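**Q** With the sequences and hints as input, model every part of the structure.
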Amino acid sequence: MHEFNWGLLIVVYLFLGGLSAGLFFAAGLANYLEVDGQPAHPRIARMGALLAPWPVAIGSGLLILDLGHWYRFYKLFTHFRWESPMSIGSYLLTIFTLIAFVYAFAWLPEDWRQRLFAKVPATWKQVHRLNVDLSAHRKTIAMAGFPFSIGVGIYTGVLLGAVSARPFWNTNLVAQMFLFSALSSGTAALLLALVLDKRNPVEQRDLKFLVWLDVIFISLELFIILPYLIHGQLSVLAVKQALWLILGGPYTFVFWVCFLGFGLLVPLGIEVYELAPSLLKGRPFHGSRNLALTAAGLVLFGGFLLRYIFVYAGQLSSFHKMGMLR
Amino acid sequence: MAMKKRRYALVIDSRKCINCKACAVACKAENEVPVGNFRNWINESHQGEYPKLRIDFEPEQCHHCEHPSCVRVCPTGASWQRKDGVVLVAEDDCIGCRYCMIACPYDARYFHEESGTVHKCTLCIHRIDGGVLPACVETCPSKVRVFGDLEDPTSRIHELLSTRRYQVKEPQTGNGPQLYYLV
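Each protein sequence line maps, in turn, to chains A and B. So the first sequence is residues 38 to 363, counted in the numbering used here. So the second sequence is residues 26 to 208, counted in the numbering used here.
For the record, the hints were derived by calculation from the structure and aren't laboratory data. None of these values were measured; they are calculated from a predicted model. Errors might be hidden in some of the hints.
Stated by the list, open to error - Now the in silico label distances, taken between C-beta atoms and shown as ranges:
1. B:I43 / A:F290: 42 to 50 angstroms
2. A:P184 / B:G156: 51 to 59 angstroms
3. B:Q106 / A:T289: 34 to 42 angstroms
No residue lacks a Cβ here, since even glycine has one placed at the ideal position from N, Cα and C.
**A** Written as structure tokens, this is what we have:
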């Protein structure tokens, strides 16, 4: 029995890191879009900004807990090794998380901010100096965060893709696959937040924007997965044998039915079905709340499964064990 | 005077291996390897069916590669390589992320539960630095393993690699393994 060195904590971390990257990117994008000089999707921009830092913060916590010595995590920052994706990723992740928190702070409503600082003892003057209104700088912070959100989305894939010993991972396509999956997951999380927030009615304009965005990201993800499978089949024996893990091996069902079927094609079908009347016949968009909820839930489920399949199947693949696996 | 350049490596003559596992036991005793973990082991492969069959035994361990991927991926530099080629883990800097274990094409590393760090074959540096052979080499009853310095033209290992045919495992990973198997 092969031992898995990386388990569920790593899967969850990769998913949450990507989720934050996607939330930040989609919300930042929404912040930049305007209609007649007015912000086009202020609610999405605000929701995404306030949600973005939390998944990555929790994920980083899980990552630290997974270490053999959790309290030694600081050593990641006393060294810089440009050849190690994990070293680069640690810095990327930290900078991104900081920017995401600053961005969330810039979107905090005035009364929330005052209430937050009211809880800080008055003698902590240095902390109170941070009580500033950053709302005028939202676009600048979003722009500064874009490369880091993309970086985090890509890095989670590079972490696996850079390992030449594991043929299942060792292709540059994994990085793009994880990036588009991250962006799609973030968009789906925003869709979920939008329809679950019952205090405010769902604006069709917001719903349409997110559904559109998700269709683009899922399509891009599909266009990476197909070449991954085709290229793998046409590649050297070790890669071909590694792909057997999802083409007849133990991860076949979870990959094709759960991930590709329910996690990607079904939500894509739902979203295209929702968009089709407005797209093809020029009718006004009327998104169903329940369908949006279903699609978003499935996309998140698929995003998690993608990481699950890659982390586990990848560790089973190797240059010398594949013959024994069959 | 300039230090003499050294490059330690192992030559393995698998055909002499009788699968007694004395190397694995000697290593465990020498390096206090926990139950369930191994720094060296013997691969068994079967061919044919009775009465026409053969079984091959092939000792394996860390290959102390020329370009070790475990060293490359380590985020803290805890995985490192000495100038004489020995790949080691500096325990004080190891955070236990296990990235090196995943990056090793030979699965030659293990996670030490008690210390929370990654351990591996050290080629018994505590012995070789004092001029004593690694425990696995010294104990092998059929002299499967030959340890030596590739840079020393008078060494047995140098002679074997000059005069015998050999192969290395999984050279396609680009790691440049330094465990030479005589064929």
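**Q** Each hint: holds or not?
**A** Outcome of the hint check:
For the hinted restraint 42 to 50 angstroms between B:I43 and A:F290, the CB-CB distance of approximately 44 angstroms keeps it satisfied. Separated by about 55 angstroms at the C-beta atoms, A:P184 and B:G156 satisfy the suggested range of 51 to 59 angstroms. For the pair B:Q106 and A:T289, the supplied restraint of 34 to 42 angstroms holds, since their beta-carbon distance comes to about 40 angstroms.
In the structure shown, no violation is registered for any of the earlier numbered hints.
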